[in-house]
Each structure stands twice: as C-alpha cells, then as structure tokens.
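Engineer: Based on the provided sequences and hints, a complete structural model is requested.
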Amino acid sequence: MVRNRGARYRWWLLGVLLSLLTAGELSALSRDSEWLIRVGLERGAFGEVIYVRAQGGSLRWVNPDTGQTLLEAAEGTLWQVRLESGQLVARSSGARVSARRLHAQPVGSALLTVGTDPNRLRRYRGALEWVPRDGKLLTLNWVRLDDYLKAVLPMEMPPNFPMEALKAQAVASRSFTLKRLNRYRQWGYDLCDHAPCQVYGGVDAERPTTNQAVESTAGEVLYYNGAVLEAVYTGNCGGHTAPIELVMAGTRALEPLQGVPDTDREGKPYCNLAPNSEWRVLLTRDALQKAFPQVGAIRSLTIEEQAPSGYVARLKLVGEKATLTLTGAEFRARIGATVLRSQRFTLQPLSDGWEAIGRGSGHGAGLCQWGANGRARARQTYAEILQAYYPNTTLGKW
Numbered sequence: 000m001v002r003n004r005g006a007r008y009r010w011w012l013l014g015v016l017l018s019l020l021t022a023g024e025l026s027a028l029s030r031d032s033e034w035l036i037r038v039g040l041e042r043g044a045f046g047e048v049i050y051v052r053a054q055g056g057s058l059r060w061v062n063p064d065t066g067q068t069l070l071e072a073a074e075g076t077l078w079q080v081r082l083e084s085g086q087l088v089a090r091s092s093g094a095r096v097s098a099r100r101l102h103a104q105p106v107g108s109a110l111l112t113v114g115t116d117p118n119r120l121r122r123y124r125g126a127l128e129w130v131p132r133d134g135k136l137l138t139l140n141w142v143r144l145d146d147y148l149k150a151v152l153p154m155e156m157p158p159n160f161p162m163e164a165l166k167a168q169a170v171a172s173r174s175f176t177l178k179r180l181n182r183y184r185q186w187g188y189d190l191c192d193h194a195p196c197q198v199y200g201g202v203d204a205e206r207p208t209t210n211q212a213v214e215s216t217a218g219e220v221l222y223y224n225g226a227v228l229e230a231v232y233t234g235n236c237g238g239h240t241a242p243i244e245l246v247m248a249g250t251r252a253l254e255p256l257q258g259v260p261d262t263d264r265e266g267k268p269y270c271n272l273a274p275n276s277e278w279r280v281l282l283t284r285d286a287l288q289k290a291f292p293q294v295g296a297i298r299s300l301t302i303e304e305q306a307p308s309g310y311v312a313r314l315k316l317v318g319e320k321a322t323l324t325l326t327g328a329e330f331r332a333r334i335g336a337t338v339l340r341s342q343r344f345t346l347q348p349l350s351d352g353w354e355a356i357g358r359g360s361g362h363g364a365g366l367c368q369w370g371a372n373g374r375a376r377a378r379q380t381y382a383e384i385l386q387a388y389y390p391n392t393t394l395g396k397w
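Anchor point for the sequence shown: position 5 equals 4 in numbering that gives the first Met the number 0, and the numbering is continuous, going up by one each time.
Don't take each hint at face value.
Stated by the list, open to error - Lysine to aspartate or glutamate pairs mimicking DMTMM-like chemistry, simulated, CA-CA at most 25 Å apart:
no.	residue 1	residue 2
1	K315	E329
2	K135	D145
3	K320	E354
4	K315	D263
5	K289	D351
6	K289	E329
7	K135	E47
8	K396	E383
9	K289	E303
10	K135	E214
11	K289	E319
12	K315	E303
13	K320	E304
14	K178	E383
15	K289	E304
16	K135	D116
17	K315	D351
18	K289	E354
19	K315	E304
20	K178	E41
21	K320	E277
22	K178	D145
23	K135	D64
24	K396	E229
25	K315	E354
26	K396	E254
27	K178	E229
28	K267	E83
29	K178	E214
30	K178	E254
31	K396	E214
32	K396	D145
33	K396	D351
34	K320	E303
As the list claims (entries may be wrong) - Ranges of calculated distance between the beta carbons of each label pair, as one might list FRET restraints:
no.	residue 1	residue 2	range
35	A336	D263	22 to 30 Å
36	S91	G225	49 to 57 Å
37	L323	P117	45 to 53 Å
38	N159	R42	45 to 53 Å
39	D203	T380	46 to 54 Å
40	E304	P117	50 to 58 Å
Hint data in this document are derived by calculation from the structure and do not stem from the laboratory.
C-beta: ideal position from N, C-alpha, C; glycine also.
Structural biologist: And the structure:
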C-alpha cells in the first residue's frame with residue numbers, strides 16, 4: 000500500500016527550492032510549477048560558446064532578475080550564447096539580447112536543443128540558463144522532476160528490463176534525486192548530469208518503457224524514519240548487497256542499507272543473469288607499487304577485516320618503506336573501479352602478486368539492478384522488490 004505521508008515534506012522541500020530564487024525568477028519560472036530542478040549539464044553543454052535552437056515551437060529569452068521577456072525567437076533559429084564583459088549575450092543572424100543573467104524558455108510544446116557543437120545539439124525538456132565557471136559557460140536545465148527522471152532511467156537501467164524492475168528503479172531514482180537536491184548549490188544548481196549524481200541524457204535518451212515506469216509511480220518515494228531515503232543503487236551485487244558504510248566513504252550505518260542476501264529459496268542469486276557476475280583480476284606487485292608509491296617495493300597484501308557478506312572492510316599493504324592500512328573503499332578507488340569491479344572479493348597469493356576473486360559490479364549498496372531484473376522475472380512487484388532491498392522503509396507519496 001502506498002501511503003500519502005509526504006505532503007508535509009513535499010511542501011518543506013518546495014519551500015527550500017523556491018527560497019533560492021529571486022523575485023524575478025519566481026515570476027518568470029514558477030507560473031505553472033514546472034521548473035523544480037536545476038541540472039548542471041557538465042557533460043552535455045559546458046564551453047566558451049553555447050549553441051541553442053528551439054524545436055517544435057519558439058523560444059522566449061527572459062531576464063530572470065526582472066521577469067522581463069526580452070525577445071521571442073522563431074523555431075529553428077540558431078543562437079550563440081557567450082559571456083562578454085560580465086554580461087551574457089545571445090546572438091542569432093538577425094538579433095541580439097543581453098543581460099547579467101539569461102533564461103531561454105520553450106513556448107508551448109517546444110523543446111530546446113543545446114550543446115557546444117551546432118551540428119550535435121541535444122534536446123532537453125524545460126528551460127535553460129547559463130552560469131560562468133572556470134572561464135566557460137555551464138548550461139543549467141530547469142526541468143520537472145519526472146521529466147528529469149524520464150531522461151535518467153534508461154541511462155541507469157536497461158529499458159528492456161521487466162516493468163516491475165523499472166518501476167522499482169523509478170522510485171529509487173526519485174528518492175535519490177530528492178535527497179540529493181542542493182548538493183551543488185554553491186555552483187548555482189541542484190544536480191549534475193553524470194555520476195556521482197545520475198546520468199541524465201535529455202529527451203533523446205527517453206524510452207517508452209522507462210517513461211511508463213516513471214508515470215505509473217508518479218510522486219512515489221521511499222521513507223525511513225519520516226524522511227525521504229537516499230535510495231542508492233548498484234549494478235550487480237553478486238548475490239548480497241553491501242553495508243553502505245563499508246563501500247561509500249563518509250557515510251554512516253543506516254538500517255535500510257545494511258546489506259541483505261539477494262538469493263531465491265534455492266540460494267541462487269537473483270542477479271545471476273548479469274554478464275561477468277564472477278570475475279578474477281591479477282594485482283601484480285608492480286601495479287600495486289604504482290598505485291601506492293609511498294610504500295616502496297610490495298612485500299605483502301592481506302585482508303584484515305571482511306563483512307560476513309564478503310565485502311572487504313580493511314586491508315593491510317606492507318612495503319619496504321611503509322605499511323598502509325586502508326579501507327576496502329579506499330583500496331578499490333586507488334586500484335580503479337574498472338579493475339576491482341566490486342568490493343566483494345578474496346585474495347589468492349601468486350608468485351608475482353595476488354589474484355582478486357570477486358563477485359558483482361559496482362559499490363553494492365541498495366537496490367541491485369540485475370537482482371531487481373531477476374526478482375521481477377520471478378513475479379515480484381515493484382513494492383516487494385523495494386522492500387527486499389530497503390527493509391523497514393515505507394513507500395509513500397511525497
């Protein structure tokens with residue numbers, strides 16, 4: 000059952016968001032409650048010159064400090080946005096607008112396309128804004144929460160997964176998004192468009208199945224102790240999810256994220272369909288010395304502490320110059336997450352180093368995406384999947 004216990008939290012969060020806007024922005028952007036999230040397009044539109052074009056309608060140039068409409072531009076007109084003498088300037092072949100700050104807003108059902116290459120513009124829902132950063136312009140996308148999620152889900156989970164798995168991912172991503180809002184406030188936006196936020200691909204990333212998953216779970220989030228849970232998720236847990244405090248630096252133990260077995264009644268991992276679920280990698284002494292040059296020639300590498308689920312908590316690396324004690328997360332980060340696919344591994348001594356023998360891929364905490372795929376194929380509902388990965392949480396409306 001979905002409980003509508005989040006209304007108070009929703010209004011508090013909306014108040015926080017709106018408190019960040021100037022009076023002009025409120026006038027220009029909040030008329031229909033559409034613009035709730037500011038996504039920094041660090042991967043999609045960050046450069047000295049930004050190109051913008053409206054598709055399927057016109058665009059409106061607005062000064063957000065005053066709410067004044069500066070110009071309404073016809074569909075298909077290509078605009079260049081630059082920073083000149085402290086002012087943002089947008090130019091087309093026959094027009095020019097400028098202000099300390101500029102918003103490009105779609106009119107009607109138009110979509111805005113934007114990028115640093117005029118021949119490879121990416122489509123986005125919502126409005127655009129620009130902020131100076133490191134001598135360049137960073138494009139911000141003002142977008143509704145669920146429109147944002149529609150462009151996130153197919154980038155984070157295969158859209159051909161069963162619908163119940165996609166719905167579970169939609170709820171997890173929505174909860175994660177709401178909990179992480181404002182992490183980038185000092186740079187003028189709420190979320191980035193890649194990890195460590197969520198990969199955000201714009202309209203071209205959307206797929207019918209993932210759009211359906213977002214729409215059918217509209218407004219649903221996970222609560223723990225009356226607050227929205229930061230519902231982290233992972234690609235493949237290898238049959239057991241991880242305690243969050245072991246795999247994410249700076250996090251504290253949290254009951255719904257303490258790690259759970261992810262196996263069926265026969266002990267078979269739900270994520271067994273994942274490619275490369277089991278892996279082996281050679282850690283040579285030379286490779287370890289390059290990763291940890293301060294210790295000198297490597298003498299030994301041992302796992303000092305390991306969770307019952309198999310996730311490495313602490314290792315000791317002994318060299319001729321120094322001895323290091325590292326957390327499992329620190330060790331994996333230094334070796335490389337593409338080398339050590341997860342923190343769930345054992346070590347086998349070899350003549351020239353050690354072989355890491357592991358399971359899973361990713362940090363391992365929270366919803367296991369390939370496990371959710373297996374659970375959905377076993378006819379579990381999205382609510383059952385969420386309860387399995389986030390025990391003692393409540394599914395509710397925000």
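Engineer: Each hint should be assessed against the structure and marked as holding or not.
Structural biologist: Status of the hints after comparison with the structure:
no.	hint	result
1	K315 <-> E329	holds, 12 Å
2	K135 <-> D145	violated, 29 Å
3	K320 <-> E354	holds, 23 Å
4	K315 <-> D263	violated, 35 Å
5	K289 <-> D351	holds, 14 Å
6	K289 <-> E329	holds, 15 Å
7	K135 <-> E47	holds, 5 Å
8	K396 <-> E383	holds, 17 Å
9	K289 <-> E303	holds, 22 Å
10	K135 <-> E214	violated, 36 Å
11	K289 <-> E319	holds, 14 Å
12	K315 <-> E303	holds, 6 Å
13	K320 <-> E304	holds, 23 Å
14	K178 <-> E383	holds, 22 Å
15	K289 <-> E304	holds, 24 Å
16	K135 <-> D116	holds, 15 Å
17	K315 <-> D351	holds, 18 Å
18	K289 <-> E354	holds, 17 Å
19	K315 <-> E304	holds, 9 Å
20	K178 <-> E41	holds, 20 Å
21	K320 <-> E277	violated, 34 Å
22	K178 <-> D145	holds, 15 Å
23	K135 <-> D64	holds, 21 Å
24	K396 <-> E229	holds, 15 Å
25	K315 <-> E354	holds, 16 Å
26	K396 <-> E254	holds, 21 Å
27	K178 <-> E229	holds, 5 Å
28	K267 <-> E83	violated, 61 Å
29	K178 <-> E214	holds, 20 Å
30	K178 <-> E254	holds, 17 Å
31	K396 <-> E214	holds, 13 Å
32	K396 <-> D145	holds, 13 Å
33	K396 <-> D351	violated, 55 Å
34	K320 <-> E303	holds, 20 Å
35	A336 <-> D263: 22 to 30 Å	holds, 28 Å
36	S91 <-> G225: 49 to 57 Å	holds, 51 Å
37	L323 <-> P117: 45 to 53 Å	holds, 50 Å
38	N159 <-> R42: 45 to 53 Å	violated, 24 Å
39	D203 <-> T380: 46 to 54 Å	violated, 31 Å
40	E304 <-> P117: 50 to 58 Å	holds, 54 Å
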